[in-house]
Structures are given as C-alpha cells and as structure tokens.
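> Let the sequences and hints guide you as you build the complete structure.
Chains as they are written, first to last, in my numbering: chain C, 1 to 510; chain P, 1001 to 1510; chain R, 2001 to 2510; chain U, 3001 to 3510.
None of these hints come from the bench; they were simulated from the model. Mixed in with the good hints there might be a few duds.
To be verified - With a straight-line Cα cutoff of 30 Å, these simulated BS3-like cross-link-like pairs (lysine-lysine) come out:
1. P:1261 x R:2449
2. C:449 x U:3099
3. U:3427 x C:107
4. P:1296 x R:2296
5. P:1292 x R:2362
6. R:2231 x R:2427
7. P:1286 x R:2286
8. P:1096 x P:1353
9. P:1286 x R:2449
10. C:296 x U:3265
11. C:296 x U:3286
12. R:2046 x P:1292
13. U:3265 x U:3292
14. R:2402 x R:2046
15. U:3057 x C:296
16. R:2046 x C:130
17. U:3107 x C:261
18. C:292 x U:3231
19. P:1057 x P:1130
20. C:231 x C:296
21. P:1296 x R:2402
22. U:3057 x U:3355
23. U:3046 x C:265
24. R:2099 x R:2046
25. C:296 x U:3107
26. R:2388 x R:2449
27. R:2130 x P:1292
28. R:2286 x P:1265
29. C:265 x C:57
30. P:1292 x R:2427
31. P:1292 x R:2449
Keep in mind that this is a model prediction, so the values were computed, not measured.
Number of protein chains: 4
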Amino acid sequence: MYRVVASRAFRAGAPQKAFGCWCNLSRSAHTLPFATLEADEISGSKPGEVYNLVQGKWTGSSNWSTLLDPLNGEQFIRIAEVGEKEIQPFVESLSKCPKHGLHNPFKSPERYLLYGDISTKAAHMLSLPKVSNFFTRLIQRVSPKSYQQALGEVQVTQKFLENFCGDQVRFLARSFAVPGNHLGQQSHGYRWPYGPVAIITPFNFPLEIPVLQLMGALYMGNKPILKVDSKVSIVMEQMMRLLHYCGLPVEDVDFINSDGKTMNKLLMEANPRMTLFTGSSRVAEKLAVDLKGRVKLEDAGFDWKILGPDVNEVDYVSWVCDQDAYACSGQKCSAQSVLFMHENWSSTSLLSKMKDLADRRKLEDLTVGPVLTFTTEAMLEHMNKLLKVPGSKLLFGGEELKNHSIPSIYGALKPTAIFVPLEEILKDGNYELVTREIFGPFQIVTEYKQDQLPLVLNALERMHAHLTAAVVSNDPLFLQEVIGNTVNGTTYAGLRARTTGAPQNHWWVK
Amino acid sequence: MYRVVASRAFRAGAPQKAFGCWCNLSRSAHTLPFATLEADEISGSKPGEVYNLVQGKWTGSSNWSTLLDPLNGEQFIRIAEVGEKEIQPFVESLSKCPKHGLHNPFKSPERYLLYGDISTKAAHMLSLPKVSNFFTRLIQRVSPKSYQQALGEVQVTQKFLENFCGDQVRFLARSFAVPGNHLGQQSHGYRWPYGPVAIITPFNFPLEIPVLQLMGALYMGNKPILKVDSKVSIVMEQMMRLLHYCGLPVEDVDFINSDGKTMNKLLMEANPRMTLFTGSSRVAEKLAVDLKGRVKLEDAGFDWKILGPDVNEVDYVSWVCDQDAYACSGQKCSAQSVLFMHENWSSTSLLSKMKDLADRRKLEDLTVGPVLTFTTEAMLEHMNKLLKVPGSKLLFGGEELKNHSIPSIYGALKPTAIFVPLEEILKDGNYELVTREIFGPFQIVTEYKQDQLPLVLNALERMHAHLTAAVVSNDPLFLQEVIGNTVNGTTYAGLRARTTGAPQNHWWVK
Amino acid sequence: MYRVVASRAFRAGAPQKAFGCWCNLSRSAHTLPFATLEADEISGSKPGEVYNLVQGKWTGSSNWSTLLDPLNGEQFIRIAEVGEKEIQPFVESLSKCPKHGLHNPFKSPERYLLYGDISTKAAHMLSLPKVSNFFTRLIQRVSPKSYQQALGEVQVTQKFLENFCGDQVRFLARSFAVPGNHLGQQSHGYRWPYGPVAIITPFNFPLEIPVLQLMGALYMGNKPILKVDSKVSIVMEQMMRLLHYCGLPVEDVDFINSDGKTMNKLLMEANPRMTLFTGSSRVAEKLAVDLKGRVKLEDAGFDWKILGPDVNEVDYVSWVCDQDAYACSGQKCSAQSVLFMHENWSSTSLLSKMKDLADRRKLEDLTVGPVLTFTTEAMLEHMNKLLKVPGSKLLFGGEELKNHSIPSIYGALKPTAIFVPLEEILKDGNYELVTREIFGPFQIVTEYKQDQLPLVLNALERMHAHLTAAVVSNDPLFLQEVIGNTVNGTTYAGLRARTTGAPQNHWWVK
Amino acid sequence: MYRVVASRAFRAGAPQKAFGCWCNLSRSAHTLPFATLEADEISGSKPGEVYNLVQGKWTGSSNWSTLLDPLNGEQFIRIAEVGEKEIQPFVESLSKCPKHGLHNPFKSPERYLLYGDISTKAAHMLSLPKVSNFFTRLIQRVSPKSYQQALGEVQVTQKFLENFCGDQVRFLARSFAVPGNHLGQQSHGYRWPYGPVAIITPFNFPLEIPVLQLMGALYMGNKPILKVDSKVSIVMEQMMRLLHYCGLPVEDVDFINSDGKTMNKLLMEANPRMTLFTGSSRVAEKLAVDLKGRVKLEDAGFDWKILGPDVNEVDYVSWVCDQDAYACSGQKCSAQSVLFMHENWSSTSLLSKMKDLADRRKLEDLTVGPVLTFTTEAMLEHMNKLLKVPGSKLLFGGEELKNHSIPSIYGALKPTAIFVPLEEILKDGNYELVTREIFGPFQIVTEYKQDQLPLVLNALERMHAHLTAAVVSNDPLFLQEVIGNTVNGTTYAGLRARTTGAPQNHWWVK
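Dropping the structure here:
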C-alpha cells in the first residue's frame, strides 16, 4: 500500500511547489521546469536526445539512432533505441501489473482522484502560453505542419485533459446495478481494467494521439507501455516529463523507443492483455495475428466527401476542401482523399478557387511541407499511373516543391488534385489504383450526374477503411439517402461539412 | 412477507388458467372473462354501472349519479360516487403504504418481475381483437371519436405495456455507483418510490392516460389511488378488472369516483406524497396550493403550427392540419389551436383543401362529435367575439351540427377555422382572447410575411402553456431559428410535422 | 447577437490578462484582483459593504442595513438592502430573458464552451492558496465554523467547478434520439432551460450552496436572480466578482439583498419560471403556494443515525458522531439530530468518548460557535421540555458557553446531548417535541433492544423531512432491513457511515 | 423498397392467422404449426432431419451425415451437411448485404418495429406450455440434461425475447448528440450495424446461445449466417421455423450445417465484417488469425468459487456447489471447476453433504448424463494424473456410470471431486494440469488457511480464461479483498453466491 500513501502525500504537498514554479514561467525567459531541451535550439550541432522510461527510471541505450531534420537533412535528434537484448526490464515491468490493474472500483479508489488532479494540473500547464508554444514548436520540428495546425494539437490535448478534471475520472468508473430476483440479490456491472497494456502510436499527431490514448488507459487502472513512432517520439518524451511534474507516479507508465521487430518480440514475451495500435493496416493485420486478436486497431481511411445538388457558399466550401485535403500536407488520418462533386458544382468557381488556395500554400510557414512516409518519386509515379486512366487529367499541382532542402528520404510535393471520371473509377482494373491512400497532399476529384448517385454509393461501399466522410448539403432527403447507405467512423453532414478538424469532443463509432 | 409468497404462487399457477381463457376468446361470441358489461349494449334501458375499488374490494355507494349518452341524451351509465362522508376507507388504504413504498431495490424486488409479467399478459390481452374492440367501443361510447382514433388509444396502451415486458420493469430501477474517496467507499444512486400517491386524469383519453400513469407509478413501488373523470371512468373501471385478471394484486391500487370537492378533502386527509394531475390549469393551480407543491401537473397547451417558407406536398400538409385540428373533435391536449402560414402558402390551395377535408367529417362515424366541456352556444359566442377583431373572417364551419341529438349540456359544432390578422393577434386587447384555448373543433389561422417571423416568435413567447408545436419546413436554418427561440413539451419539425399523433415512444420535456 | 460576439472576444483576449494577474497573486501580499475588501480587516471601524448587481451594474441602495459580528457584536458589515420600491430594475432584468433561455442546443451553443472556460478559470482561482484563504476567512467571519470546515466548503466548490471544465458543460446538454416509425422520422429529447429563474439560499453554507446552484442554472442557459441570506451574502458578493473576473458576462446574473417580503413581491411581479429555494420548511410552503408550485425545494431534515448490532471501531464511530452532531455548531442541514444505539453499544465507551470529544470543542478555534437562528434561551427552554419526558436525562452539555461575547440575538450553547427512552419518543404527546429540529449543537440519543428495530423504523417513518441518514453496520441483512424500510435523500451505510461530510460528487435523490 | 411493404403487410395481416393457430395449440394433441417433427418420436426408425436455409429457401445437401442418440447410440438424426463445393449460395447471400446493414437509423427504421413485433410474438409462443415442452424435450434429446435445466434454457430465451417487445428494439438504436462549437453544429453518435456477420455457437446451450446472439445481431440491422454445432443444430433449425412463423423475413438469416473446415472456407470467401464465436479457445485463436481480428470471442473459463471465513447456511451452500459443478453434467461454460474452501468450512459437513447430493444424481432423469466432448477414458486418465500429485485424493465419484447405453464416443462419468493441496496446485509442474478445464461432471477441491488468501489470489491471477466466479461470504472486507484483486466476466458475491444460473438480465463484462 506504499503507493497510496505516496500519492496522498503528493496531493497534499505538491501544489505549493508547482504553483511556485508556474509563476516563474511568466518571468523567466529560459526554461520550463519539466523540460530537458529547448524546442527551437535542437540542431545538428546541439542534437536533442530521447530516452526510455522503465520501472520509474529514465534510461539510455547501447544503441543510439539518429534522425534527419525533415527541413534540411541535418542529424538533429538522437534516440536511445532499445535492442532485442534489452527488453527484459520492460517485460518485467509490465508483468508486475496484475490483470485487475493498478486500481479498480474495489482497489485503491483514491487513484481515480489522483488522476483527476493530474489532469487538472496538466491541463493548466498546457494553457500557459510558454508551455503551449514549447509543444507547438517541438511538434513542428519533427512533424512539419503550420503553427496553427500544431497549436491546434496542443489545444485539443489541453481540452481533453480539462474534460477529466475533478471527479470526472471517477465518474468514468461509474457502475450500475439492477434489482435481482429475490430479496438480497442485485446485479452490478463494473468497468474493470485490462491491467498490463501496450499503446503504439504513429508520427502524424505526436502529442494528441498518445496523450489521449495513454490517459484513457491510465484513468481506468491500466499500466501501459507506450511506443511512439521514433520519428516524433521526442514530443511525447517531454510530455511524459510534464506529466511526472504534475504528479503522475513514475512507475505507472513505461516509455520505449525501438524498431517494430523489437517491439513485436517484447509484446510476445510480456503478453499485455490488450494492445491499442494506431497506424498502417499492414502492421495492424500482422499484430492481430501475432497477438491472437487481443488488439484494438485505429486504422486509417480513404476519406471521401460528396457535394450534393444544392450549391451554396462556394467560397466557404472551397476553403474547407483545401483544408481537408492539404492541411498538415495531407498527413491526417481524416484527410480528404476523394471528392465527389455533383454536376451542379462543376459550373461554379469551386475548382479554380481550390487551385488558388493550393497555390497559396508554401514551405516557409509549413502550410505545405515534407511527407514523411512517401518519397516525391513514389507520389509522382502514382500520379502518372492515374493519368493513364482514360479521361483523367491533372487539375493542379503534380510537381516537386521548389527551392527546398527536404532530404530525399522524405517527399516534397505541391498540393495535387487529379480528376478521374466516375465510370473509370468503378472499373475493376482501376478501382484499387484510384482508392490507394497516399498519405500526402494528394486527392482525387470526380463528378457525378443527378442520376449517378447510386454509382457513387457503390464506389463508397467497395472501400475498405472508413474513418471520416463529409456530405456537403442542406437537403434533408439527400443527406438521409447518403448517410443511410454508407458507413464511416464519423460522417460530417451539412453545407459546412468537413472530413478533418474534429473537436476533442467527438466519437469514433466504428 | 405473506405478499411475496402470494405473488410467487400467482406466477406459477395463473398462466394455465389464463391461457385456457384466452383461447375461449376466439370461440365464444359472448363475454370477456374479466368484463362486467358489453360495450355495445349499454343504454337507457340497460345502464352500465361503475364501482369503486378500495382495500381490494369493489364497492358501491349510497349515492349513484347518472350520465347522459353524449349522442342521444339517454341516461346510460350509473356511477357510484363516493361522498365526503365515505372517504375514510380510502384514506386508511393510502395511509397503510409506507413512504418507502410497496417495493424498492432493497424490499420485495420480486415485485419488479411480477409487474413485468402483468405487463406481458395485459399487452397480450389488448392485442386480442375481441379485447381491443371492447375497449375501442367503450371509449367511443363515452368520449366520442372515430373508431380509428379510439383504436389508436388502445394500441398505444398495448405498446406501452409491451415496453415493460420481461425484465424491463426492473431495468427501470437501475441504479448507479461511483468509487468513493477511500477503500471501501462507493456512492450509490437509487430510484425510490414516493409510497402513497394519487393520480387524477381527464376525460379525453379514458384509457391511455390513466393506464400509462398508473402503471408507471406501480412499477416503481408506489401505491396509487386513481380518479378518472366520471364522464369516462367506465373505461378504466373495466381496465382495472383486466389488470386484476392478469395478476395485479387487488390491494395495490384504489379506484374512486367522486366530485372534485370530495377528492380534494380526501387528498388533504390522506396526504399522498405526490399527486399527478392532468387537466385544467385552473384546478391545477388550486391543487398546487392545497397540496403545498407536492403535485406534478400535466397541463394543456395552446398548440401552434408554423408553415415555413418552403412550400411542398400541399395535399399532405392540408391533411395533417385537418387531423391536428379536428380529430377527436379537437379534444386532444395536443390539438392544433393556431396555424401561422408563411405568405408563400397563401397562394396555394392549402386553405381550400382544409375546408374540403373539414366538410367530409360527419357525426355518423364520429369524425366529428360532441364536445364535452363547451356548449355550442359558448363556442359560437367566442367565435363572434373573434369576428369582431378588425380583419377577422370565418374561413369555414362556424355553425351547429345538423340533425343531431347531442344533449344541450354538450357542444355540437362543425369544424371551424377563423382567420385573424397577425398584427391584431399581437395587440394587448386581443391577445388573451385569440389565445384562449377552446377544447373543441376550433382553430385560429393567420399569415405572416417573410420579414414577420420575429412577430410570430413574439406571439409564441407570450403564450402560457406549451405542450406541442410543429414547424413545417425542411429548411435547416428556418428550423433552427424557430426551435432555438421557442419552448414546448414536444416540437415536431420537418415538412411532415404535426402537433398530434405522437407515438407511445416519445418524451415530454417540460 | 451582440452577446455572442462579446463572449468570443472575451475568450480570445482575457486569458493573457488573467494569467498575468494570477502570477501577481504569489508576489503581492496585498490584494486579490477581483476583491473589494480584506476578509480579516472587516470590523466596526472599517465595515465591509455588500452591493446589489442588476442589469450588469453594481448598485447601492437608499436603505443600508447593518450586521452584528457574531463573535463580538460589533456592527461590522453594511448591506445595501433593496426596498419594495426599488425592485423594478430587477423585475425588468429577469423579464428580458425569454423562456427558451440565454442559450439552448439550438441557440448560442458557443456559450456552453464559454461556461466550460469560466469553470476552468474559477476552479483554478480557488486552488490558489491566497484565494482559498480569502474565502475561508470570509466564511468564518459571518458563519462561524472552524478553519477546516470553512476551507472544506471552498474546496468542495473548487471540485464542483473542476467537474465542469472543458466540454463538460456542453456534455450536460447531451440529447438523445430514437428511430421513428417511418423513413425520415426520429424522436429527439433535449434539455431546455427555464429561462428566468430565482435562487434563494440560506446562511449555513455561504459559498457552496449558492455557487453550485447558480452555476448549474447558468450552465443550462437560465438567467438567475440570486438572493443569499443577508447575514452571509458578503461571501457570495465577492464570489460574483471573482466569476466576473473569470469571464462571467455581467448581465447573466442579478444579485440582490432584501428582506423576505420584498423578495416575495419581486417574485410575484417578475414571475420566474422556476424558483429554487433552500431553507426553512415554513417559508418553503408559503413559496409553493405563492408561486403556484413553480418552485423546487431543498429542505432540511431531522437526520438520524442508527448503530447496528455489530460493535466495532468504537473510537472511529464516536469521532464521526461528534463531527456529525457538532461540526459547524450543528448548523448543517445534514447534522445528526438523533442517534439510535443498539443495546450492544451501550456497554461500550461510546457515550463517554462522545462526551470527551464534545468537551474539546472551544470557541477560540470555532469548533463550537454562535448559533445564528436560535437564541441560547430558546435552546435551553427546548432542552428543559425534553428533560420533563419520563426517563430523559442530560448526557452532556446543556449550558451556555463560558466567557463569550456573542451578541444575544444569537445562541451560545455547549455541545449538548439528551437521552430520551425510545418508548417515550414514540408516544403521540412527545413525538413532535422530540423530533423538532434545533439548528444548533444539539442532539437526541436513544437506545433500542435487539427486538425493537420495528419501533425504530416506525419512528423514522413518522418523520417529515428526510435529508440524510446513516446506518452504522457491516451486517448485510441489517443494512438491507433498514435501507429497504426507510426513505432519505442520502443514506450512508457501513461501519464508517456518517450523516454529514458528503463529497461534491454525491446525489440527493428525493 | 419491396421489403418494407411486405413487412408492413405482415404486421397488419399475420396476427389474425397466428392467433387462430395459437388457439389450436390448446386443442390439438398433434402438431405445432411451425414444427416439422415431434421431439419425442425421433428415433433410429424415424430419424429427424435438419436442413439448411439460404436466400430464403430451406435446402438439403448432397451429403447427409448421421448423429448417434447420446443415450442409446441409435442413428436418430440426419444432417444436411454443406460441403466445400456447395458454399457459393451462402457466400452470395452474405455478400448481398451492404456494410450499412439491412436497416439503420437512416434506413428502413420501420424494421426496428418489425423486430419488436417478432420478439413479442416469439416470446408469447415460448410461453405456451405445448411449445416450451417441445423445445425442452428437443434440447434433452441432443444435449442431455434434466427437464428442469432444459426448461430453464427455454424460459431464459422467452424472457430475453420479452425484453425486446414493443419499442425496445428501437430503443437499442438510441443515439445521442451534444451541442457543437457554433450555431448550427451538433455532434451525433449513432449505433450502426456491421452488415454481413457470422455467428458460430456450441453444443451446450442449443437454444439460448444462438437465439440471444442471433436476435441481438438482427435487431441492430445485421444479416447473420448462423452455424450451430451439428450435434444439436436440430433445436435451432426448429426455432428458425418458429421465428419465420412469427414474422421473421426468410431472407434475413441464413442457417448452415457444415464441418469447421468448410465454415472456415466460407468465412474467408464471404468475408463477414464480424464473426461472433462461442466455443473452444483453440478454434477461437485460429479464427482470430484467419479473420485478422474481425472476431468477437465468447470463451470458456476455469471457473472458481471461494468459501470465505464466515461459515453459514451449510445446507444451502452445499446445494449450490452441487448445482454449479454437476448440473448439465458440468457442461456449462460457467460450471464450477475449482472450489477453494476456507479452513473453517473443513470442519463442517459441507463435503459429505456435497457427496450425498452427487450420489442422488442419476441417468434416468438426466441429472447426470452423457459428456459430449470427452470420453470416459479421457476423463479417468486425467483423474489418475491428478491423483499422482502428492496429497491428492478422490473425494467422491471417479467411476464410469453403471447400466448405461451411452455410445463410447461420448463420456459417462459419475459426478467427481478431487482434492488437491493448495501448495501443490501452485507448483509450476502441476498448475497447468490442475487448471485444465474438463467439460464434464468434474471438479477440483482445495483448502486454504486463514493466512493463505494471497496464495489463492495468486492461483486465480495465473488462470487464462475468466468467465464466472463466486465469493461465498457476507464479510464486506473479505469480499472487497477478493473482488478487488481478481478479474472475471461475472463475479457472484455473497453467502448465496454461485457460478452458474445467471438470469437473462445479467452482463458479461470482459
């Protein structure tokens, strides 16, 4: 029961210390009390370092790998990668956590309150301009996107934490009961943790995805091991230090950098009761097999948008299309991959406005930037295949960025849109090609006639991954027809519908 | 604990008997096993009789009153009215029930299952054509409406009972809990009964309103005394007998016929912990005072409908207007009292179609019939006052029914619509007059120009009672504007919106 | 729509200013940026002043009343009491708010987020030691209780506000829908505000009760007028200023000081759609009548505790009894008014331990202090009546406090316990006397034999007000028997059960 | 839209026909209107036949297999087994169903009501003695258990159907919404179907498991293919016919008999979006791999019971132990596999009473009967291995049944209990052996001393499958300790706790 005493001690003693520091934040120009580096100073000459955390201790590795700055190719970050022979402490740490978790409604309930306090403090920290700027800039360094987009990630994380202040963590553990058959009988339903769990997150949202998944797991009494894509793990490594500063017991989470093979071995040996994986379908399927189904997958999607017959607010709709397809250089899971335009929109200025907006994107402010999982060559090759489909044409983009120093292992492409006729998309020979997801600033555009809605619905039905979608219309019958005949994680409906930019308070119903 | 044993015994033994009888229902032309009369045979020469139920016994009275047949004035029903000096057994019966009720999650939980069984059996009984016909006809005899409208009442009652089959009653008693501050602590929230309660229901839905309110009270462990308007209490008296037949313990409900003064005295003496009153605002306010606030009121409303700027499906909308205003001779709480037409509708055939539909209503099939709370004279007088408002005119109706034998204590009016200009409605001198609710086949119609929506909203804001409303439009911005700026129990929205005809599964959010 | 723009402007601009100030809090020894006075400096020579707030402006009055310091009788606070002729601005302000409220799911939804932000900031303010000390001391000045008890009130308020950070306010407005009968039909259920409302709160929790009730009303879109008992309204007047500082629009709440007669007149004229009243049953019943039932009452209770047959942890149980009966000088709604001891407890040291604990209470640290609604004389007179009941005896206390300067309009009594035999309590002549609630450090103690539990349950059934109760036992059958046969707002069960000290996360299920 | 019209037609027309038939049920001694066989007449000379259902048609097969009567070895049932070359119609049928299902909140919502009606009628059918006897006897013929146990299965199925009468199916599709960031924005969460799904169920509950899983899938708009273990599929084949009789559209479900290899091939080709599998862990893991995780598993468990330190009601507890371990010959997923007795129970008559109760079980009334997945030899061999563990001993049973004609492919064992010392269970060499699940009348018994609870908890933590468990005690601290430190689908707590016999209203929280 040592932990309980310790955590209570924290709650009584820490605030004073913490508040003292928070005031310093406004006065001192130099450092944040939890951080071990400065976001803007990381460079080839002063590389940032990323450590592992296991059994409450930050550790290095016998094998440091090096990361190239996506903007100029400098070796700017060193990662302590855990090798296959070094996994034992992680396996042991995970195994220490019993299946009934670190807490549950019948065990250490004061920990629900502890996590309410941690969330309150961490949310407040992220609300401080100095702290939010630190994480915004750190995100930009490794996952190039505009300041506004990176700041949005920090703010969504802050709002998520605000949602679990006070008693809200314990309210998550709300149980229910119904009267039984006889006097003295009641049936109760409780939420129970899995105990030891693993969380594996991708490169595109270095802060938001791991924090939301990690905190959710912790709130309910699980002990997670967290692995973030090494390309961006520096962000979450610093966030772990902020959470410790806000009272997170250091032994509650392990944090690891490693390649996929090592992580796979670790999972096979430590055998967590659940693994939450966000990333490519290919890896997801392998994990499902290796872990015998004990895995939850947050996959990607070939996200579509349909413009309905009622044309309105062309300026606004063009702007949303540009944001959905090209913000974060198209590297959101929810990015618009294909646009189905009703013929009524063809006669408007929609496409030319989209082109103008795309032209305004530039490398200097990262409104367009490096693509981390496709090279320029690979994207151009895909484009050329598409352009061989009869009737296809390049609407705009389709060239490498000018005057850039992005290393060749990454991609550098202008925002690109390719028109492909609907009838061609539906042909068996073309369908797989056209609906291949390119995780970059790249979209397909097509048009449908008033009587071709069934063809569009057929194209949607044949897709494999369904994450987000948008039905841009205020016509209730059109909305009903499309929504009732499709399936998505989230469908945005209405004239102002989008595929991206969901607030922190929405739901993925898969 | 005798009751528990008894109720279990019922559950093991009764079904066989019941099922035997149910088969008889299909073969025998004569009688229902629970009923004490035949709906079609009640007449001046063979009057029906309505008894009281107290402490498990059906009782008469020293003072029988007589009811006139609303269609021909014959003395066709005799009611055993309880006088002020006879209330003692009712007071005692109610006082026997403790505040913690006949059951709660910690007391006699098997009674939740008992009520699941009663509901299952009663729902099945009402699904039998012979039984549903019996209640449909009985309703028609005392609360004249078309066969379809009266049958609808039986079916809604059946569906309500189906919703509480099996375990659904005990699911109503679902509780919740959250972890406490320390090991061993949890906070639980339970639903508890009031114990002794009273239910007072009006004439217009003789079966649906009392059954839904009574069963809801019983499910949660309350012991109700039920008083239905004597004009129609014969329906519920027979339904009580059906419920007993389906296993309702005879001591769980008392059933009383009396005048208001006697009932008031009874309530003051027995002091139920809650009274549920459905009826006129005038009585409601007196009860709120006498019972010092321990009363829940289901009041009426001056229900409005707005036709938006988008004209569509004029035939359908006219038909709904006719139904909303004139079905049950306008004697639904949710009947359309005023219609606000956007000017775009004025140039359509809407009003002439409404007139045609009104003309088709006739006394023979009760699509129009006696008005139980207003005389013909009173309604015509109200009409004449309205017609004095500048710009007002009679659209249709406005005359006494032809060739009827409705007794003069009741009303007999053709379906009537009066046009009043919007500007006049809003004037202080007219507003109270125009928005006076006439519980009969009577509505106000007005028109608003495109820029007059704020005036309409102002008219709605000034009303006192808000039960149902309809916004007839598929324009999302118009819907948002009207819904966001009004308040109603239920608002129906969409081109097919109505004010009446709610299914059994809707909610009154007041 | 001016308001919306304004509130958005606030959200973008205010945080910087606010955060700047918050840092000052740690450095400056002098003032809080929102406060208009210093809690410790209020005195006869430098009296505190309490203003009214109406239509966004702080206002004085033509008629200032004066409050006596409960500890020494000095005239230490001046209140701007609104007279009957000055109520017009308040009536107008309330009338401006429509029935559909300041916001609802279809109107100004951004205000849900605004209130999430206000809660986040106000919670953070209360977490700052300087601010929590300010309110703790201010509470102590007007509602004398120990520092710990007053601080607890501030902390519960802080936790409540934390529970509504981020999106939690909009989550309160969660609606639901179910599929309809036909394509295109759905039924939705929304939470709607009342619009103009009134809140009237008592003296004993000057911060917690008004803040919780006020914020709950505001979250859902209501516009409240708030009246706190003038004896303590200085606390909430300062809290209003803190809320404004945290972004509360100044026109969203009116704040009034007045006598009951004036308030009654105001309510009759402004006609709020709901009034939430916490206070004496006498006033509550009058309000229910005057407002025709449009009132929700949070009444008091004659709160009981039963010690079951299983004796354990006598020290702990004695301590809880002392806290429940005498903390805040017994002036909590949930204070223990009567203790039913199983005979097994009589042979333990329970009563002598309770006496020892009571003896340790002293005026210096306010562990016992002034009674604001009973004079010493009145309490002693009540005691003497009780002591005339056969078999009654004084267990401890029963005297005026020594060496105090509490003015004579207040009470000053040592913690007091009177033993009355169970059989005597149940007698008709005695029952009303024994169960009269004394809002002071005063409790009844009695004993029951193993076979007398039914008598105890009978005594509980006959009480009128049921707020909290405690069943001190770990015997599941005993717990079931008592819980299943009683009714309370909150029942605490288990060996460590108490009647007071509920956390912020509990429920009053009445 | 043909289906909608058809289903409405059904709803209007069918009841009359159905009710006519139901009355026949009481008069005719011969046949049920839906059934194609008589449960008691199936025999070697008149074998029952089981067909497949695909695309709305009942079909045979080119390859009929034969089942042995588990009581006498006669070839009594012929199964139309679908071969690998015959799966095409099934694949096509499943593929016809889109991902958005047969209905969803925006598509064919009238089907929610249709399923409410089907449930109402099917529940009523199962409540008829003739029908419930038919299914009870049919279950007994293929899955030998006592009449009471088989009848229990029918009744649980009936109650489940009652829970989804009326509107309860559409209530399952209840959605929610919260206000968005701006005017006009709301977030909605809906429940959506998977579309094409597969359900695979085991032999031990031939009616309850498939009906509950099938109806749940249908309610939400899925189109299932159902495969029940061929040993017992005759029960569900007849139930399908009852459901058609009650209005189930014949194309909504396909029903297949096949071996596992063929079913696996079908699943790989038809690619249902979810497969729900109940059965052995071995097959479950293979399916998880083959279906890449798109599978939900309802696995078995090595279910434990702990008797706590407080000895009480020895007769009752012995009786529950006998039921939990040996009812249905131990072939429930929830059967008690191991009993941990606190030393206080050893000195009672518990074990001798359990022996007496086991001795009363006999083949004639099927209180003990054939074991369908283990031969007698296999069970005795396992027993002998256990008896070699030091300190182990046979408590009772351990022999083949006398005078039986159970064919040798099945098992025939007397109810058996083996004592193994706790310390031996925990040894690595023994643990896997002792905790091997034997799906038959077989249990392990052990004892723990007052200070050995941690060892017991350790034994529980090491188990792999956790379905049900029982903590037999009324000591709140003991209950808290065990519940807080274990994990199970369902834990029964209290002196009357059991591992089996859950009512239809409970929850498996895995």
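> Does each hint fit the structure? Answer for all of them.
Hints and how they fare:
With a CA separation close to 46 Å, the supplied pair residue 1261 (chain P) and residue 2449 (chain R) exceeds the 30 Å bound. This hinted pair checks out: residue 449 (chain C) and residue 3099 (chain U) have alpha carbons roughly 24 Å apart, not beyond 30 Å. With a C-alpha separation of about 27 Å, the suggested pairing of residue 3427 (chain U) with residue 107 (chain C) holds against the 30 Å cut-off. With a CA separation close to 12 Å, the supplied pair residue 1296 (chain P) and residue 2296 (chain R) stays within the 30 Å bound.
Annotation: proposed proximity of residue 1292 (chain P) to residue 2362 (chain R) is violated, straight-line Cα distance about 41 Å (limit 30 Å). Between residue 2231 (chain R) and residue 2427 (chain R), the direct Cα distance comes to roughly 38 Å. Violation of the 30 Å bound is thereby established for this hinted pair. Taking the CA atoms of residue 1286 (chain P) and residue 2286 (chain R), the gap is near 14 Å; set against the 30 Å cutoff, the hint holds. For the hint pairing residue 1096 (chain P) with residue 1353 (chain P), the CA-to-CA distance comes to about 58 Å; that exceeds 30 Å, so the pair is violated.
Between residue 1286 (chain P) and residue 2449 (chain R) the CA atoms are separated by roughly 47 Å; this puts the pair beyond 30 Å, and the hint is violated. About 25 Å separates the Cα atoms of residue 296 (chain C) and residue 3265 (chain U), which keeps this hinted pair within 30 Å; it holds. At roughly 18 Å between alpha-carbon atoms, residue 296 (chain C) and residue 3286 (chain U) fall within 30 Å of each other, so this suggested pair holds. Distance check on the hinted pair: residue 2046 (chain R) and residue 1292 (chain P) sit about 45 Å apart at the alpha-carbon level, beyond 30 Å; violated.
Of the pairs offered as hints, the one joining residue 3265 (chain U) and residue 3292 (chain U) holds, with about 14 Å between alpha carbons and a cut-off of 30 Å not exceeded. Under the criterion of a C-alpha separation no larger than 30 Å, the hint pairing residue 2402 (chain R) with residue 2046 (chain R) is consistent with the structure, at around 28 Å. Only pairs whose Cα atoms come within 30 Å are accepted, and residue 3057 (chain U) paired with residue 296 (chain C) is rejected, the gap being roughly 38 Å. At roughly 42 Å between alpha-carbon atoms, residue 2046 (chain R) and residue 130 (chain C) are farther apart than 30 Å, so this suggested pair is violated.
Restraint check for residue 3107 (chain U) and residue 261 (chain C): the C-alpha separation of about 45 Å exceeds 30 Å, so the hint is violated. Between residue 292 (chain C) and residue 3231 (chain U) the CA atoms are separated by roughly 28 Å; this keeps the pair inside 30 Å, and the hint holds. Restraint check for residue 1057 (chain P) and residue 1130 (chain P): the C-alpha separation of about 27 Å stays at or below 30 Å, so the hint holds. The straight-line distance between the Cα atoms of residue 231 (chain C) and residue 296 (chain C) is roughly 23 Å, inside the 30 Å bound, and the hint therefore holds.
Between the alpha carbons of residue 1296 (chain P) and residue 2402 (chain R) the distance comes to roughly 51 Å, so the proposed pair goes past 30 Å and is violated. At most 30 Å may separate the alpha-carbon atoms for a hinted pair to count; residue 3057 (chain U) and residue 3355 (chain U) exceed this at roughly 52 Å. A distance of roughly 58 Å separates the Cα atoms of residue 3046 (chain U) and residue 265 (chain C); the hinted pair therefore is violated under the 30 Å criterion. In summary, the hint linking residue 2099 (chain R) to residue 2046 (chain R) is not supported, as the alpha carbons are separated by about 43 Å, beyond the 30 Å threshold.
Between residue 296 (chain C) and residue 3107 (chain U) the CA atoms are separated by roughly 29 Å; this keeps the pair inside 30 Å, and the hint holds. Proximity of residue 2388 (chain R) to residue 2449 (chain R) is assessed by CA-CA distance (about 23 Å); at most 30 Å being required, the pair is judged to hold. Note on residue 2130 (chain R) and residue 1292 (chain P): the hinted pairing is violated, with a Cα-Cα distance of about 45 Å set against a maximum of 30 Å. Of the supplied pair hints, the one linking residue 2286 (chain R) and residue 1265 (chain P) holds, its CA atoms being roughly 20 Å apart against a limit of 30 Å.
Taken as a hint, the residue 265 (chain C) and residue 57 (chain C) pair is honoured in the structure, with Cα atoms around 22 Å apart against an allowance of 30 Å. For the suggested pair residue 1292 (chain P) and residue 2427 (chain R), the alpha carbons sit about 27 Å apart, so the restraint of at most 30 Å is met. A C-alpha spacing of about 38 Å is found between residue 1292 (chain P) and residue 2449 (chain R), which places the hinted pair above 30 Å, so the restraint is violated.
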